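With the hints as constraints, model all of the structure from the sequences given.
Number of protein chains: 2
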Amino acid sequence: MRLEYSYRTERFGAVRISPLQRVVEIDGSAADNEVERVQGDGSTRVVGRDTLRGIERDMVIVVPCMNEPRRVIEGVLAGIPHDCLIVLVSNSDRTPVDRYDIELRSLEEYCRLANRPALAVHQRDPGVGAAMKAAGMPEIVDESEGGVRRGKGEAMILAMALAAMSGRRYIGYVDADNYVPGSVHEYCKVYAAGLALADSPYSMVRIAWDSKPKVRDGRLFFSKRGRTSEVTNDFLNRLLAEYSGFGTDAIVTGNAGEHALSLELGLRMRMAGGFAVEPFQFVELFEQFGGVLPDASPVPPEVGVPMLQIGTCNPHFHDNKGDEHVQSMRFQALNVLYHSPVCPPSLRTEILDFLILQGALEPGQEPLRERVYPPVGTLALDRLYDVLAGEATSFRQFGHKVTAVTPRTVVPIERGVVHDTVRETSVLA
Amino acid sequence: MRLEYSYRTERFGAVRISPLQRVVEIDGSAADNEVERVQGDGSTRVVGRDTLRGIERDMVIVVPCMNEPRRVIEGVLAGIPHDCLIVLVSNSDRTPVDRYDIELRSLEEYCRLANRPALAVHQRDPGVGAAMKAAGMPEIVDESEGGVRRGKGEAMILAMALAAMSGRRYIGYVDADNYVPGSVHEYCKVYAAGLALADSPYSMVRIAWDSKPKVRDGRLFFSKRGRTSEVTNDFLNRLLAEYSGFGTDAIVTGNAGEHALSLELGLRMRMAGGFAVEPFQFVELFEQFGGVLPDASPVPPEVGVPMLQIGTCNPHFHDNKGDEHVQSMRFQALNVLYHSPVCPPSLRTEILDFLILQGALEPGQEPLRERVYPPVGTLALDRLYDVLAGEATSFRQFGHKVTAVTPRTVVPIERGVVHDTVRETSVLA
Chain A
248 MRLEYSYRTE
258 RFGAVRISPL
268 QRVVEIDGSA
278 ADNEVERVQG
288 DGSTRVVGRD
298 TLRGIERDMV
308 IVVPCMNEPR
318 RVIEGVLAGI
328 PHDCLIVLVS
338 NSDRTPVDRY
348 DIELRSLEEY
358 CRLANRPALA
368 VHQRDPGVGA
378 AMKAAGMPEI
388 VDESEGGVRR
398 GKGEAMILAM
408 ALAAMSGRRY
418 IGYVDADNYV
428 PGSVHEYCKV
438 YAAGLALADS
448 PYSMVRIAWD
458 SKPKVRDGRL
468 FFSKRGRTSE
478 VTNDFLNRLL
488 AEYSGFGTDA
498 IVTGNAGEHA
508 LSLELGLRMR
518 MAGGFAVEPF
528 QFVELFEQFG
538 GVLPDASPVP
548 PEVGVPMLQI
558 GTCNPHFHDN
568 KGDEHVQSMR
578 FQALNVLYHS
588 PVCPPSLRTE
598 ILDFLILQGA
608 LEPGQEPLRE
618 RVYPPVGTLA
628 LDRLYDVLAG
638 EATSFRQFGH
648 KVTAVTPRTV
658 VPIERGVVHD
668 TVRETSVLA
Chain B
248 MRLEYSYRTE
258 RFGAVRISPL
268 QRVVEIDGSA
278 ADNEVERVQG
288 DGSTRVVGRD
298 TLRGIERDMV
308 IVVPCMNEPR
318 RVIEGVLAGI
328 PHDCLIVLVS
338 NSDRTPVDRY
348 DIELRSLEEY
358 CRLANRPALA
368 VHQRDPGVGA
378 AMKAAGMPEI
388 VDESEGGVRR
398 GKGEAMILAM
408 ALAAMSGRRY
418 IGYVDADNYV
428 PGSVHEYCKV
438 YAAGLALADS
448 PYSMVRIAWD
458 SKPKVRDGRL
468 FFSKRGRTSE
478 VTNDFLNRLL
488 AEYSGFGTDA
498 IVTGNAGEHA
508 LSLELGLRMR
518 MAGGFAVEPF
528 QFVELFEQFG
538 GVLPDASPVP
548 PEVGVPMLQI
558 GTCNPHFHDN
568 KGDEHVQSMR
578 FQALNVLYHS
588 PVCPPSLRTE
598 ILDFLILQGA
608 LEPGQEPLRE
618 RVYPPVGTLA
628 LDRLYDVLAG
638 EATSFRQFGH
648 KVTAVTPRTV
658 VPIERGVVHD
668 TVRETSVLA
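Protein chains in written order, with our numbering: chain A, 248 to 676; chain B, 248 to 676.
Derived by calculation from the structure, the hints in this document are not laboratory data.
Treat the hints with care, as some may be off.
Which copy is meant is left open, because identical chains are indistinguishable; a pair holds if it fits in one copy or across any two.
Computed cross-link-like contacts, PhoX-like style, restricted to lysine-lysine with a CA-CA straight-line distance of at most 25 Å [as the list claims (entries may be wrong)]:
| hint | residue 1 | residue 2 |
| --- | --- | --- |
| 1 | Lys461 | Lys471 |
| 2 | Lys461 | Lys380 |
| 3 | Lys471 | Lys380 |
| 4 | Lys471 | Lys459 |
| 5 | Lys380 | Lys459 |
Bear in mind the structure is a predicted one, so any value in this text is a computation, not a measurement.
Printed below as a string of structure tokens:
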């Protein structure tokens, strides 16, 4: 894969945000296998095949799904590189038709045909709720139903716990409502290339789609940015500008559903529920590593927390979720920013004004507080696995045999303590 | 890349047509580098990365373009694997805006950024016409304009001549009106995988899209097959059945614009003009290698002429060309089949009945004779190059230096003579 170089990195303490860099070639495939700085005009970098492969072998790709057509999900699976471990987290309806059962059959068939492993779980399975509770995260459980709460953030937390169990080092998310397997393939390659280039144990890669085609007047229109993203990015950039004193438009992936990160980083991050999950990642990194709060985590400055933003060459053809979806996403992003201790009072006022102008708040009201969950690294993974295996009827492992479940002490991650034992916590073969 | 096995190959003399086999994984990337037969259930085959790379290094990817938006062409380029040589053949308007100039600037910029070579030429450049004439194909020249005639087949012939000049061994075609770079990437990988699996110096790979999305009632509908293809495939399958006595639906790629072949095969095939070019490839192979005509070419039976038909996992999102385009494509396919000496009288009658029913012919009329050009292997490539370099103002080479033009005798290909000197005919470095 060949990417543009990125210049003028924004810093927020130890967090280093690279401005958008685009994919130049999906298969840039230099003869050289290593990450290579192209000489010539010095404007691109190639990540070689073996380097990509090395990351893919250590990467979990999570497919959160909710009632997508079977054919679409099958296409998404076909785009995920062979060496990645697939984790399907479903929030699909189980009545009147058990859509999760359909998904499981597709996944099983695919794993048999492609000779590869996968894990699957249903988010609202009471056994899954019991497992998360036993592992130490009771707040994620919906008490009335017994399963994990319905949000997208909650699905991502559950997936991260499964990824940690697998012993792999990286996790990437790919939405299931994607009509183009080739773009899923590009996302995964972007994750691997970005994580290789990031060159830090704490790294994150966020994807900016080239465009999002919409049907308009009977033809396709390739719109550049969604409305939600524009608002989220604008306020996140204002936050950066408040601290640096320089206006910026560096952040372009505030709502990026497609992103990947090292588990070393992911396991120590708090995560938000629902659609607040993606923008909250910025807020959490600024709080933990920004160096502006008293209990911020110390990170060796030469390592830092690089966040790469990579622009794909594929458009993102997906299902149209409608306006309600967009509205709720937009406000959840501003809610988490508003309530963060890193948000300066002036920006808080701007958020309030905006929400009132949009009719989302009455004057005098406060933005909602979104749910924020503790880091997945605080979970007892052995207990999680035991209860999943024993009680979660929806939990499935395809082509992936458990050889030993070793009860062991999981070191809880505290702020400031670098968690470097991920490799040892595998309970799956 | 992982593909389904294909069973029940159809034979027409030395031509072996494999029924549709689908892509299971875009990146199937076994640790093993060779073409590998997967054990297990034996239902898939993986073509390893190094095998793909070996083919890509020897492959020319042709992008025939005609007035597509610059952004779309740039996306197509980004999907072509790095090691393939890009050949752009344009039939775009040069007034009132010189769209070819826009295309050249995009291509040059892309080649500089991605550090890769490309060739470009404009089909209607009188210098290009003069070069094709000097090389020995005067019939392809439009005498009134001086350039090569306007058809798609004519663009493909010109591109094949350039590919032969480059000294590479394979040629693949990718339409320029494709909105999804990731699908272009898949097509190229399919070409390389198919050519590797074909295991013959005379091989062809034809692509069947998973679906072709259309905008209908304000949403996307993923239709399976185009109307043109259905008719073409149906009549080609009837031809097979006439000879074998068994009905079949093996042929699913009669109109496949996306296809690749070894130049060893391509240089000895006659090619049709316009939209007849793709279906005529079947007719030509049946005539030359089918063993039913007196002057058919002998091919060692253990080698044969394998034709693989591969189903992508990507849909084909492209520009809507409208109904006129479809109509003319449909009739051109039937015209070439009708006039072929391999077409039995009974099938000829069925074609006539169909064309009359469609209102394309009056009773008593004969289908049009499409233009058919001699094999590109009969051209004098050294003369082609000399005139291109000297007179064709549209001919450009990016990042691809000519080190020596060695005048040499090109052995004309005759039926029955295996052309195995392609490697020696390079006039480009």
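The hints, checked one at a time:
In this homomeric assembly, Lys461 and Lys471 come within 25 Å of each other (Cα to Cα) both inside a single copy, at 10 Å, and across copies, at 21 Å. For a Cα distance limit of 25 Å, the shortest separation of Lys461 from Lys380 qualifies neither inside one copy, at 41 Å, nor across copies, at 47 Å. In the homo-oligomer, the alpha carbons of Lys471 and Lys380 never lie at most 25 Å apart, since the shortest distance is 42 Å inside one protomer and 47 Å across protomers. With identical chains, the CA atoms of Lys471 and Lys459 are at most 25 Å apart both within one copy (6 Å) and between copies (23 Å).
With identical chains, the CA atoms of Lys380 and Lys459 are never at most 25 Å apart, being 39 Å at best within one copy and 46 Å at best between copies.
Comparing the model with each earlier hint shows violations of hints 2, 3, 5; every other hint is respected.
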